Structures are given as C-alpha cells and as structure tokens.
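Start from the sequences, fold in the hints, and give me the full structure.
Each chain, letter by letter, is given below.
There are 4 protein chains.
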Amino acid sequence: MLNVAILGASGYTGAELLRLLLNHPKVAIRALTAERHAGKPYAQVFPQFAMLDLPDLQKIDTLDWSGIDFVFCALPHGTTQPIIAALPSHVRVVDLSADFRLETPEAYEAVYGAPHEQPALLKDAVYGLSEIEREAISKARLVANPGCYPTGAQLPLIPLLAKDLIDADSLIIDSKSGATGAGRSPKEGLLFCEVSDGIHAYGIGTHRHGPEIDQGLSKAAGRDLRVRFTPHLMPMSRGILSTIYVTMKPGVGLHDLRQALESRYEGEAFVHVLADGQAPQTRHVRGTNHVLISLHPDRNANQAILVSAEDNLVKGASGQAIQNMNIMMGYQETLGLTLTAQFP
Amino acid sequence: MLNVAILGASGYTGAELLRLLLNHPKVAIRALTAERHAGKPYAQVFPQFAMLDLPDLQKIDTLDWSGIDFVFCALPHGTTQPIIAALPSHVRVVDLSADFRLETPEAYEAVYGAPHEQPALLKDAVYGLSEIEREAISKARLVANPGCYPTGAQLPLIPLLAKDLIDADSLIIDSKSGATGAGRSPKEGLLFCEVSDGIHAYGIGTHRHGPEIDQGLSKAAGRDLRVRFTPHLMPMSRGILSTIYVTMKPGVGLHDLRQALESRYEGEAFVHVLADGQAPQTRHVRGTNHVLISLHPDRNANQAILVSAEDNLVKGASGQAIQNMNIMMGYQETLGLTLTAQFP
Amino acid sequence: MLNVAILGASGYTGAELLRLLLNHPKVAIRALTAERHAGKPYAQVFPQFAMLDLPDLQKIDTLDWSGIDFVFCALPHGTTQPIIAALPSHVRVVDLSADFRLETPEAYEAVYGAPHEQPALLKDAVYGLSEIEREAISKARLVANPGCYPTGAQLPLIPLLAKDLIDADSLIIDSKSGATGAGRSPKEGLLFCEVSDGIHAYGIGTHRHGPEIDQGLSKAAGRDLRVRFTPHLMPMSRGILSTIYVTMKPGVGLHDLRQALESRYEGEAFVHVLADGQAPQTRHVRGTNHVLISLHPDRNANQAILVSAEDNLVKGASGQAIQNMNIMMGYQETLGLTLTAQFP
Amino acid sequence: MLNVAILGASGYTGAELLRLLLNHPKVAIRALTAERHAGKPYAQVFPQFAMLDLPDLQKIDTLDWSGIDFVFCALPHGTTQPIIAALPSHVRVVDLSADFRLETPEAYEAVYGAPHEQPALLKDAVYGLSEIEREAISKARLVANPGCYPTGAQLPLIPLLAKDLIDADSLIIDSKSGATGAGRSPKEGLLFCEVSDGIHAYGIGTHRHGPEIDQGLSKAAGRDLRVRFTPHLMPMSRGILSTIYVTMKPGVGLHDLRQALESRYEGEAFVHVLADGQAPQTRHVRGTNHVLISLHPDRNANQAILVSAEDNLVKGASGQAIQNMNIMMGYQETLGLTLTAQFP
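Protein chains in written order, with the working numbering: chain A, 1024 to 1367; chain B, 1024 to 1367; chain C, 1024 to 1367; chain D, 1024 to 1367.
Think of the hints as simulated: they come from the structure by calculation, not from any bench.
Chain A regions said to be covered by chain B (calculated; three or more residues, Cβ under 8 Å):
no., stretch
1, 1216 to 1228
2, 1251 to 1257
3, 1264 to 1271
4, 1325 to 1336
No farther apart than 30 Å at their CA atoms in a straight line, the calculated lysine-lysine pairs in the DSS-like style are these:
no., chain 1, residue 1, chain 2, residue 2
5, A, K1210, C, K1063
6, D, K1063, B, K1210
7, A, K1210, C, K1210
This one's a predicted model, so the numbers in the text were calculated from it and none came from an experiment.
For every residue, glycine included, the Cβ atom is placed at its ideal position computed from N, Cα and C.
Right, here's the structure in full:
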C-alpha cells in the first residue's frame, strides 16, 4: 500500500481527493492536514466522512514524514513553495496549486505578481496534463497539477495545433464553471443567493489561467500564442463546459479535426471524442475523471466549434492528481477513477 | 384605457405580459386566450394571479374583437400567420413569435422550412428592436417582436458595425440562457433533474436565431455577414448572458467602441453601458426590461470582449413587446416597465 | 411625500425595502446608511439600482434628521436599541430587527441572552403583525416588525386559537426557508455549494423565533402555550413554506377551521385562504406581500394540516414593514405592494 | 458472477441500479429492458454510460432468461404484477415498484384502486426494509423494495415503537424530497422552471406511502396506527429529509430513545445515529446507501424531534435493492455500496 498524506484537506479539492482515494485499492490515507482545523476529526469539516475511520486533522509541521510515501498538496496558490521545498526527498508530490505550473520564474512573476521562491524546484517540476505529459510525469518527483480551465481547454486544442490544422491566432475559449472552482472560503459573491439563478463573466481578459493555457498551446503550436479566454461563474456545484471557436487552415475540414482528435486520444480511458451530432453536458461527467469533446461545423465554412466538458474537481483537480499519482507509481492509470457519473 | 387581448396566455411569455401589463396605467386586460385551457379561470394555469380579477381563458375564435384595440400574440412559432391575417383591421398587433421577424418569404422558408403563408403581411411587418427601429415601430400596425437571443446580441453590435469599428466577419456570440426560453411544454430535457446542476450547448451552428441576428447586423454593417452563435441552456429560470468577441478595425481602440455605444444609447431608458471594470450579471436585470452592456480589453491588442445581460422573458420577449406597444400608441416608453430587478 | 431613511441599507432586507418603496407613490428616499460601506454609491453594493438616482450610503451619525419623517431600521439583531433610542422624536419607526418584538425585558433577556437596554421604549413598541394589530400599529411611533417565520406561523393559527377550535398544546410548525433569511454576511454554511441540492434542519427546538411565535399564539389562546417549531434551510432565494399540524377540539371539523380563517381574513388584501384541494407554493408569492393559506383533512379524523406560503423578504420582512408604514401614515394599505409574483 | 437483468432500465432508478452495480465485484449486467427505447444503445437514454460496454436496450419479451439469475424490476407501479408472475422460477427478484409492498390484496386495492392480480405471489413477497427484515429477505424469491419515503420514516421509528417508548397515535412525519422521486416522464409540474427556487407540499393526507408507513409501524407497535405524513417537492435532484415529531411515553427521556436506536442499529453499515447536537443534511448521503438519524429535545419536556436523511434513489430505491440482493445471495451486505457521498 502507498502511504499518502493530503496537505490542505479541509478544502473542496482535499475532500474530493479523499472521496476518490478511499476507492483506490493501493492507497492508505495516513495523514490529513489543515492549519485552522488542526486537532479536529475530519468529519467535523466534512460530515459525509463520519462513517469512516480517518486520521484527525493536524498541522503540517506535526506530520511524521517517515511513514509517508506520497503527498497531495491542496493548499492555496502562493503558499506551497516553501512547503514543498521542505518535504523530505523520499516523498513524491502532486501539487494542486498554481505554484509550479508556469515553467519559468519570469512567467510566474508576471502572472502572480511575486518572485518565485523556489526556482530550482520549479525547473524540475513537470506539468501534469496526464494524456500529454505522461512520459515526463512517470519520472517526476514533483508534478504540477493543471488548472481546471486549462485542462478542458488544452485537451481539445493541443492535437489540432500540433498538426497545424487551425489558426493559432484566433482561438477563443468561452468557459462556464461551477462554484466549487472558487473554493470554500466564505465570500459575499459566493453565497447561495448571489450565485443561484444567474450567470456572470469574471476575470475577463485577465484570468490567471489564460497564460497557463497559452503555455501549453504555444508548445503544441511551436510558437507563442495568446488565446482569448473568458471564464463564467454559474449555479452548479461541479463542472466546466468550454465552448471553443477555431478557424481552420485552408484546405482543412471538420473531418480532419475529428481524425486528429480521435487518433491522438485513441485508447485513452478518460478523453472521449463524441460522435457527430452529439454535444456534451457537464452532468454526464459529474464526479468522474472523464473529459468529453465534441466537434461541430459552423455556418461559416472555414470555421468550427468544439465543446469540452469536465468535472472541475475531478479531471480539473483531484481526479487528474490521482491519475498522475498512478502514472508516477506505475499503477494502472484508472485505479480509483472508474466510477460512472452520478446523474441525475 | 387601451383594451388589450393576449393570445396564447397560458405560456410563460403570456404570464409575463400579464404581470407587467397589470402594472401599466393605460391598459385594461379584456381577453386572454388558450385553446387547450379554454373555459378555465386564468389562475388555474398560473396560480400567482388568483387574487386578481381577470377574464377567463377562451378560444381565439370566441373572442369579440369589437372591444379590443391591441393584441399581443404569444403563440407558438409557425402558428400565428393565419391568426394575425384574420384579425380585424382596427387592431394593432405585437407578435412575439418568429413568424414575421425575417424580412423576406425566402429567408423565412430557408430557416423555418415551410413557405410563408402571408407574404403581404410580412412585407408590412416591422422588426421590433425598439431602440433601433423606434420610428418604424411607431407607425406599424404589426410589429414582429425580436427573439430573446437576437435582442441581447444585436444591441451591443449594431452601433459598432454602423460606425465600421469592428470586423464584420469575425463576430462570435456565446450565449447562456435560462430555461424559460424553452417554454412550458413538458419535455424530458427540460425536467428539473435534467437542467439543474449542469450546462450544455445546443443548436450549435444551426439555431434559428442565427439568421435573425445576421439580418439585423448585416443591415447595420451595410453588407451580408454571418455571425458565429452558440446558445447554451443552464439552470436559471430567467436571463441571457451573451459574451461577444470582436476584432477591432486597424486604428480603433476600446475607447472608440465605448464612445459609439454610449452616444448611440445616450438617454435610452433600458440600455445601459457599464463603467470600465464592471461586468453585468443576469441577476441584476431579472424581471426588468433593462439590457446591460460592458466592454473589456482583451490580452490581444486589437481585440475586445463585450458582455450583455438581459431577462429573456422581459427585454427578450414580453417587456420589449410592451415597450413596442408604448411606442406604437405614443405613450411614454417606460410605462409599465419601471420596476427594479428582484435580486436576490 | 413622506421623507424616508433606511438604516442598514446594504443587507437583503434593505435592498428589498428600496425595491418596493421605489414603486410607492407617496415615498421619497432621502437617506441610506451602511456603516462599512459609507461613502459608496448604493449601486456598488446592489448593482441592480445603477440606473436610478439614489442617495449615497452614509454612516448613521452623519444623517441630517431634520429632513426625515420616517425610518426603516434594517440593522442586525441586538444593535438597534441605542440607535432607535437616539432618534429624534418626530421620526416614526419600523424596526425590522428582533429587538422590540418580545413584549417584556424578561422575555427578551431569556431569548437573546442580554438585558434589554431600552425597556421604556420596549413598552411603547407595537408588534407589527399587520392584520392582527392594525389598530395599535396605526397609533404607534415604534413598530417592531415580526420575524419571517412568526408571520407565516401566526396568521393561520391565531384565528383558530382565538375561536378555541384547536388544541393549543399540540401545535407543530415545520418551516422551510430560502437562504435570504440568513442574510448577506459571508459564512461557509451559506455558500452556494453548501446550500444547493440539499436540505437540513437547524436550530431544532432552540430557534429564537419559537418564543416569538409562542407570544402571539398565547395571546390568541388566552393562555401560555409552546409550539413545536422546526426551521429548515433549503436551496431557494426567497420564500417560507410552513406545514402546520393541528388537533381539532371535539366536535370541530375542517369546515369550522375554514370558516374561522375566511371570516377573519375577509377583505384582507394580503392574506388568502385557498379553496379546497389547493396547496400553496412559495413561487406563487415570490416578490409579493401575499400570504397563502390552505387547509387539508388528515387521515385521522380529528386532525388537520394547514400550509402557509410567504416571501420571507416581503411579507416576512420589508413588505410587511411598508404595510405597517402605510397603516401608521393612514395611507391605503396596499400602496407600493400591488405587484404580482414573478413566476417563473 | 451473478447474471443480472434490469427491467425498466430507462428510468432514474434503472440508471442508478446500473451506476452502482457496475461497481459491484460479483455482478455481470446481462440485459437491460425499456419498451419504448428497445433497440437503442443504453447511452442514448443516459449518455453518462457512453464509455462502457453495455447490452443494448430490448423489450422484455425478447429477453433470453436462460442466462439470467437475478432481476431488478424498475417498472412503473401497477405494471409489474403480470411481468413478475411470468418470470421463470429460477430467477430471484427485487421489485422496486409498489406492487408487492402492501401485505394483503385488500390493502393493495384500498390504496391503489384496483384488485391485486397476483395474490399468491403477494403472499410470498417479503418487504425489503433490509435492516428490519434481513432474515426473511435472505430466504425470499421476491423482495418488494420499500418506497423512498417509507424507508426514511420507518427506520427511526420502528425501534422506538418496538420498545413502546413513544405514543403511537401522535406520529408526524414531514418529508422533503428531491425531484428524481417523481421520475423521468415529462410533466409540466416537473419542469425546471416549476421546481426551482420554491417548495410545495403535495398529496397532503392522501399520499400512497402513508399506508405503507402505517403497515411497518403498526407491526412494530403491535397494533394499528395511522401516521400523519406530508411529502414536499423541493429543488434538489436527490435526497429526502424527514422531520419526525414524537411524544414520549411517561417516564421516557431522549436518552432512552437514543439508546433504543443505537442498540438496534449497532454494527449496521448503513444506518447511523448522529451524536447529540448534530443534524443530518441530505447532501451528506448523496449517492450513498446511508441513512443518518438525529435526535433532538423539544422545548416541551415530553416531546422529541427526530430527523432522518437518505438519498431517495439509493437507500430509498436502487441502493437498498442491491443491499437486498446481497442479502438474498449471501454476499457481504456492503458490496457495491461503499462509496462516500459526492459533496459538494
């Protein structure tokens, strides 16, 4: 059994890691940390776990690392750099924060407004978009788990850019997210009455996931690009739907896009290209690690629309983190991730 | 007092017409029709009206037209052509269906798949986008009330196209709608459990409001264009948020777009251009006839993002219908439409 | 015009007072206070008012009372006693907090855990359940507006207890409330993801509205009683549905209950007894000052079930406050309160 | 492997059976029926199963029973009597409809308004409230799976009645249900816009689950009783919360109730009595077979309040059906049912 600790277990991604790992045949949960809630039984912050035997919450600095093999770090952005740097070297890590996602200290500082504190560690970190970076992930000690929006945006676009089928300068990603993406800290704008029965865009043109998406797509395209990306907050708990507008290169048709996606994701357990005429719903991946991708002709001949659906807490966070752990440990990639969506 | 009849009063737009007209100082409700429910008290189909004294529902062919001055026709698409053709000539009409929105019989047939039955009437119909067609509306006998999506899409774009500030060939409109837009007829896909806690796109590249949007924008641009338009169904009762991606013409900046919108809508009671840094929420126009428009710089210098918010049942249907009635009758345009949004 | 100030205008009840008063023909809004937000335009805390010309938010102690005739006090429980005591004597007040609802300082201290600071003022305050205390309200300077739950619980029961038709010792009130009842202060338990798609009871056997309900019902029954009252929080923004279980006195039938309610509320604009076979929905009073009451036979012959529906922000708070203002000022009682429910 | 068929697989309980059984180590899904959808791939009615290899939907009469060991019958109430009667005798059955729940043909006819067609089969059927009827279930060929409301109502009350701790004549069960309980057939009252943002009671004093609850509780009490039971429909997909009001027998205290429940359910995997001061939420059992029960003192000394939470689709339907299958087959009772709740 792999001895696992979850740092920052009192947030939504922490609880989701636990829900999924409890169904994983090779994992034993050894430690759960939460600074503010240290000393409490876990069920006091998430009562759905009351019928299980789990370690109490503790502070990170009281953790006995000798019994830990693997760490999921689900701490707030900007706080994980010193914590990961201080981990004993035998421990492998998937970090769910944004701290190690951008590849250079310069890029990090430009987006997050502070110098990166651990540039050496950053250099060794591997970006954990599982289906794209599987080889590097398998050898990494530190995997930077992708952001929720970047996961749903990059998976449909990388194969198309890699094969030079679409114009890299006209990419538009319009994403709609559930409220778990904003975390569990109480804020007026996240109250039930402020989120229900309505929708709004936020971070328009400025959201920090924009540069993260650029980084991955630029690599695929072989040159720098900047997507147009707009996130929206809507009344659902889980899920991101991304509607993606692309312009095809001369001579390219929708069929070529389909072929590129299908051949790239053939045999993948979690990425599925839907048949013609189908469109994905976030409900159909709720609670699962699946990403659904559909392709649609536009009324304008050289243009196409793609739609991707994921669960932001699973493939967009904790599920992909476990998928990455499976890759790192040489386990079957689907372990702990075989559930069907809970719909309705 | 203006003697008003509502045809098709048992649907959501019918109930919304009634809710608003009951607050209108110059209107008396004289007749309400609903074929299937004829003979019932109105409160049997919409109990919220139980404390009011309203005419019972009746069949259209039992209606005594001698006491009616004005008709709102809230019947299903495709059914209103013979009904409006049969109305006595003294009656003025706002039709909320799609039957008279496209200007030529050819365009109608191309989109709705059947020949138009009343081409002469179609020729006289005026498209009722109030702020744009006010002059023609004031003289019309038959006003074709715009679709919900086209209202929120055209108002932000027409001034920009009219001033040639943006590229007419790269317009993308990504719209998110509440479920009232789909009507009250029972369908599996509209059940609570199928709509709540999720989102999906539908009619991708094929929705009938695409050509309606094209028609208005082409007129503003002075040449034919085809927008890229994707509607989404999401768990809210009312509201449409449209996120609109535009490419600015060389030399044009965001400030020019703002100036064009502000000068075009200066003094308008229902169209509001938000200040820099603000973004609209559908919640803030819930139950009102207002449209909120915001402008945002993109990370790409020559591009911009606009967002519009409306209530699909009010400015997107019944409210604009009443605004058009006010224009047609020479009333103050805001009569019956002065309520503030019900939020939360 | 009556010159009105709203103290505590940045909460949900403050915004709802404003929404309704803006539709009131005899009221001019002269001042809006909010300590934390002083100096801001009101639309910065509630953007739906952006298109209106309203006074900026200010601190209470900067308010010029010479131009104010009437005050709505929408401040947190426990904070209003010194504030109301300091108001100039020419100002009449409706207080929406709980501070003046319980009639004796002893009762207040027993429930709220602190001595009442203004016992003299408490003695003069009138409990503002409009339909029951209309006469006293009309002469009061200070009206204590009832709690949301007590309004929906007392209106159906007072007439039955007053006529001695039901057993005063077996009353059960099971209430389901929307989330606006919990206010706008950010708390983990009120986040969208914590409230949506589920329900729970809270304050079981201990909620502070229990004694408030007891007070009114005891008065009607002519002796002390203690109801069994359980509130629940559920995913809706507005509304309280109360399901009420009563045991009829020997010889009493459902018809007697109906007669007592119908005769008591005959001619009332806002309290409606539904016909046999009908049951109220909170949706049908959303945004209105109406209370709907239904009566149902139980399978046990001597027992009956009543259901009441109200909007907790309107009849349960701001609407009833305006109704009380109308009574105090000698206005027509329905002024500003004639809207039909916004459904869907 | 146990070869399983699901009859009526196109409804919500059918899909939930499948979701759970796919996670069951001893079950192979061999056939799925749905009369209207026969011939379609299952993913066409529930797209969340698209990535799995499942039998196509077929008509019941085309099913080859030779390869089937066990049947879940998830057909509409009133339709299953001839179908189950026609099953080959080697097949064991859990019927999720109401057809075999009431123990006598007389009781069935009184409640369902038609004579029972298979009285002999009815006599052999065992009521499948797993924790209460485990012994009989283990030997049964036909188990009648309990209704969703009766499950959450009976589990807390049976131990208290069996020990004569509470008054059998004053039981009140106020239940709040999610919309999956109403099924997937399109009806106006189940549309998103009719269910969201509100609540209402239905079947007040007449719901068919009342007599089913009576039957189980009467057996526990040792004499006939009639509960007062009110169901409510509210905007959540899954879950039932039941608030239960009891009067304690003289000399009995809350502690005695707790002791009775804890000793009765000690060691049970799915029934949990919460600690003092805790109250259950439906969210915390979402997607699981757990029932949470809490006890609360009332302000009236001889009275108490209990709250139970369950997922109506799991412990209230498909989960308990699988639990019963496990009991019937001698499997470990928790097989396929070990998931933690999906919250948020």
